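Q: For reference, the chains in residue letters:
6 protein chains.
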Amino acid sequence: MRLLVVNPNTTETMTAKIATAARSAAGPGTIIDAVTAPMGPESIEGHYDEAFAVPGVVKAIVAGATAGVDGAIIACFDDTGLDAARSAVAIPVVGICEAATHLVSPLAHRFAIVTTLSRSIPPLEMLIERYGVSRRCRVRAADVPVLALEDGASGALAKIEREIALALREDRAEAIILGCAGMTDLAADLARRFDVPVVDGVAAAVKMIEALCGIGLRTSKIGGYAPPLPKKYLGAMADFAPRLH
Amino acid sequence: MRLLVVNPNTTETMTAKIATAARSAAGPGTIIDAVTAPMGPESIEGHYDEAFAVPGVVKAIVAGATAGVDGAIIACFDDTGLDAARSAVAIPVVGICEAATHLVSPLAHRFAIVTTLSRSIPPLEMLIERYGVSRRCRVRAADVPVLALEDGASGALAKIEREIALALREDRAEAIILGCAGMTDLAADLARRFDVPVVDGVAAAVKMIEALCGIGLRTSKIGGYAPPLPKKYLGAMADFAPRLH
Amino acid sequence: MRLLVVNPNTTETMTAKIATAARSAAGPGTIIDAVTAPMGPESIEGHYDEAFAVPGVVKAIVAGATAGVDGAIIACFDDTGLDAARSAVAIPVVGICEAATHLVSPLAHRFAIVTTLSRSIPPLEMLIERYGVSRRCRVRAADVPVLALEDGASGALAKIEREIALALREDRAEAIILGCAGMTDLAADLARRFDVPVVDGVAAAVKMIEALCGIGLRTSKIGGYAPPLPKKYLGAMADFAPRLH
Amino acid sequence: MRLLVVNPNTTETMTAKIATAARSAAGPGTIIDAVTAPMGPESIEGHYDEAFAVPGVVKAIVAGATAGVDGAIIACFDDTGLDAARSAVAIPVVGICEAATHLVSPLAHRFAIVTTLSRSIPPLEMLIERYGVSRRCRVRAADVPVLALEDGASGALAKIEREIALALREDRAEAIILGCAGMTDLAADLARRFDVPVVDGVAAAVKMIEALCGIGLRTSKIGGYAPPLPKKYLGAMADFAPRLH
Amino acid sequence: MRLLVVNPNTTETMTAKIATAARSAAGPGTIIDAVTAPMGPESIEGHYDEAFAVPGVVKAIVAGATAGVDGAIIACFDDTGLDAARSAVAIPVVGICEAATHLVSPLAHRFAIVTTLSRSIPPLEMLIERYGVSRRCRVRAADVPVLALEDGASGALAKIEREIALALREDRAEAIILGCAGMTDLAADLARRFDVPVVDGVAAAVKMIEALCGIGLRTSKIGGYAPPLPKKYLGAMADFAPRLH
Amino acid sequence: MRLLVVNPNTTETMTAKIATAARSAAGPGTIIDAVTAPMGPESIEGHYDEAFAVPGVVKAIVAGATAGVDGAIIACFDDTGLDAARSAVAIPVVGICEAATHLVSPLAHRFAIVTTLSRSIPPLEMLIERYGVSRRCRVRAADVPVLALEDGASGALAKIEREIALALREDRAEAIILGCAGMTDLAADLARRFDVPVVDGVAAAVKMIEALCGIGLRTSKIGGYAPPLPKKYLGAMADFAPRLH
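Chains as they are written, first to last, in this note's numbering: chain L, 6 to 250; chain W, 6 to 250; chain X, 6 to 250; chain V, 6 to 250; chain R, 6 to 250; chain G, 6 to 250.
Just to be clear, a hint being listed does not mean it is correct.
Unchecked claim - So, partial list: chain X residues that the calculated Cβ filter (under 10 Å) puts toward chain R:
no., residue
1, Ser-123
2, Pro-127
3, Glu-130
4, Met-131
Source of the hints: derived by calculation from the structure; they are not laboratory data.
These numbers were taken from a predicted model, which means no experiment stands behind them.
The beta carbon of each residue, even a glycine, is placed where N, CA and C say it ideally should be.
Chain L on its own, in the form it takes in the complex (with noise of 0.2 Å):
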């Protein structure tokens, strides 16, 4: 089985750290194709930086289902794209945000998500609307940008773990979901220090879509996911929108 891992974020240092978790998370037979998208910022904090990560993500997904991939994942917690790219491919897609809820109910009766910037909260509690667990979920900000969880002097891990115990205390969270890909390697140090479930949604993520290929599940193709019809384009989009016809 091969899956591909696409970082929506273009910042090659968390790309590695992104395929590192996921190697180490996939069974033997994956091989993980870990890929920073083609193009976009370097960090995606809130609404508009998500806007222009899109194209780069579908681009990279259609690419990866192409050239034979069984599955993808979009490792930005914003599940960045989600629905455009799994209308593009037949192969199954899911977002680390969408796994790791999934992921994490049958573990626990509430849970939080500790994310970034406050700035994501809003776009993430919508999320947690859409996959149905918002009545048991809180999301919390740690106050730390994207990219300081590159740099191991930012101060990142107290302020995430201060917003934990948090969590623990004052919403009867009885798991963590950890609201970023770039804390992806914070995870197992986080589920020993504070005895609960964490949850790492890039590790997440590859579970599930090797779940669903190894059952042989991919995305209906009637309906929201149908095949997208061929249409003109105007301007410069067009060379990046892929060729689906």
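Here the structure of chain L is known, so what remains is to put chains W, X, V, R and G in place on it, guided by the hints.
A: Then chains W, X, V, R and G, alone, in the frame of chain L:
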């Protein structure tokens, strides 16, 4: 007051029709700048097309805000790029689905959206959930491609009328929202024919932006719509993402 | 365009303040007829007062519609008698809580209503549930009686400011709605002071009715707002119920 | 125990029928005082009629409480004036829609309300949303005016039976609530005929008030049902609003 | 009328206390048969204990129905085995959490449940979601084991009082539900002390069953509560499952 | 990795079929221990049967955990005893309804569950509400008893096909979940025939447990799934409740 109306569908005849509708709805002191998005697909039918329309919509709205317009309207019924555009500028920005659901709310307990293709039903169901009217609204598709609305001989009107009749009879709808910017010229006749409110999103959005601007209300700049942070970009998208800093 | 603004609180100084706010919000071609309800309590603080204010509100709105106004506004934040008034006339009718929640929606993900007494919180929570924004909105009370807002020396402003500060800090509110028609004169200063959108329902309702009337939208007359059937009345209420037939 | 049953519909024959049903449901030690509201429309069919029935209902309930009844029932299925009456007195007050939804809940997963005219569906849908059963309940209208229920030759019964049959077959209803006080005499026969629980709101409310009074439960007087504050009144309504202070 | 009250907690002193409360609540013509479940754990604190209490509860209720009782009450606040018992018999069956939420609903907009251990909060949150009151109710735990309530020297009362005080102040609760059958003897004193309605589920359930039986309402036998089909059993459970056929 | 699959229906041929499906879904390094619950009814059709199946399911899962399995699956679509089992052990435990709803979520906006008898629809509707997918999922019954699925000549397949066809046409389902462990052998053929994802819960649960175990995620042991406290038992149930202390 000067308002920008952006057509995310890059089809000039459709923009012209939208411009006419917007000017017809506008108050005496309102100037309408109607533009076609500078890049993207000719029509937006589902998640995939939307993804490649967003950058052009944001670019056009940032350009408009820089040029001094007082508010902006996104004239595609999936409210293409709404959150990203809203984050990028301080002027109010509304989508036509959003505006239509807000303006129909005081007129009817239940209502129906009649859109184009069935693949657009799921994205619109997500929108009405977000806008808080899902319990009161059903989404129906007339099985009419967006660009068929530009073609008088396509039989589109009859199909739309059939869905309206079904909505009134089977869904207990008390009012109708036309679920595509390309239907903007049909509202008045359909309202007369069926004797219920028929809301065109383009007209609704013009009035909603006039309302917000008229009393000095602008987008909140704390929280989820805080101004985007400066970012380095990889690849061509840097040319399309507006320079905000 | 001629709009009727009815103050359900039968306090003339409050009506004068509302009239000023409504005229200030109105567009150039809009004439505001501001009236005090012809009967009812001096102020509306909770369910009981509302019950005895409704007949006067409906009477005033039917009188206005008969006299030819184009739309009507109910200027009390519990949207006193809204459904009854809407059933009685064909012109659009909006309440100030309703209008404020619709106009704030495109400006902020989360917001708070700051109202007068805590006994009004439950009725307002029912309204925001109905208007579809309960997930995004918290209702707070400043512990200020309605008529204290007519008295500059009451210390009301400081109490309102305290609740706004709490809403921004503790509720992650990105915008504020003033939850009483008597606060209409405070919006502009509070918006400047806190640098977030502060929505006054009176102004919002004027713009919302202008929006509806401007594009010819009126209340649906099928379903729940169908014209009342002729009825015999027992007792004095017959003199107060408008003769619709 | 002495209970007041107020018929908000000012039609004496209907009050007599309600009194019979209430007495039939009442326990051995319960005395039923059944009164017609002292003012208001002969029947309540939709939002408008309700508005002019409320003051009479509140007046009657305050008079009853002053005279020493132990609890009060509002015998119209739109629960006319429920919150206002509850605020005005300390004795428990229930509406017949409210009581029916509470008593049917332990008997069936899904149920249907069969009411009179379709214009009453939206107000009842708001009530079942408030009472927390909207996911389990569908509201149907038999197209029978309220006062046709007073006329044996109206064909009303056959229309009601038709809707019950549809509810059992199409809505998977496991029980039926009769959605008008005027249907109170039909419950027993319909239950036999369809062999499912058929709940009459009048009987349900008598038992629910007996339950509350039997264990000394009264309305909370903090929060939304706090005693009304003294108010000056403008106009004739002062004569109708009970003097509570 | 003869009612069966089953204590799923197999602790006789607790059953005696429940019996006293039930008899105190019962109407003059009501005979209370209070029994301890014939098998199961001494107290029910969380999901696991509940699982092993259910067979005994169902067995006791089927035995009661066979012996001719008119209705049955499950006197543990997690409503142990409610749906199974309801399927097995035609007489009405209610749980004490269920009954308490129905009876408190007409008394207060918001309320709180004060239960024993925090591990019981998640199961109770599932129940209030099911009963339709989750928006109005918060569940709090006093950190008191169930059997500590049988021990006057345990300090349990002070802990319960502390949570009630917090609920009134922080949750805007207008009424309190005692979240354990073992608290049944505390309701009257706590109601006096805090001057708000304090609902004991045992008393509430007695009155609710009296209400249902009093007007001849029984469980619907179509749909989810249809009589169980005859089944072969493996192993010892065959001895515990009542013979229904 | 060693996984325990427990069939709560005590029918060996069904367990054999489930074992085959589980092994077919399992990854190369996964060993499947498929067991029939040691006691309980031969098939589970509704609330009542479920109650008497739970003790055996919990017993089997505790035995498995003691013997060292890495995760456990409850192979009945009502997720029999899920919360109790999860509390009793630290290894992850999933139900097949739960697993199917999580795995279908990334594949389709809307989907339908096709189960056996209509009496199972209400319990399944409670489950999908809990799992957060009720807005996206409709439950249908094929009117097929569970054990008819063990009999090739029962005509069950044709009835299931008919409901799938209806779900695709009338509910806009984009994918199908088979709502009984006994249908596990039908998924592949039905997926081919209807050309949409058809999810078998047994296979889904195997993959979901493999996913959780593969990245070291286990049930949270704070909050609602905290280890059961030691308890004295009355009667025979003491022999069935696993000794956890």
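Q: Does each hint hold? Answer for all of them.
A: Hints versus structure:
A hinted interface residue such as Ser-123/X counts as satisfied when its beta carbon comes closer than 10 Å to some beta carbon of chain R; here the least separation is about 8 Å, so the hint holds. Because the closest C-beta pair between Pro-127/X and chain R is about 4 Å apart, less than 10 Å, the hint holds. Given the 10 Å rule on beta carbons, the hint for Glu-130/X holds: about 7 Å separates it from the nearest Cβ of chain R. Against a cut-off of 10 Å between C-beta atoms, the interface hint on Met-131/X holds, since the closest Cβ of chain R lies about 8 Å away.
Comparing the model with each numbered hint stated earlier shows that all of them hold.
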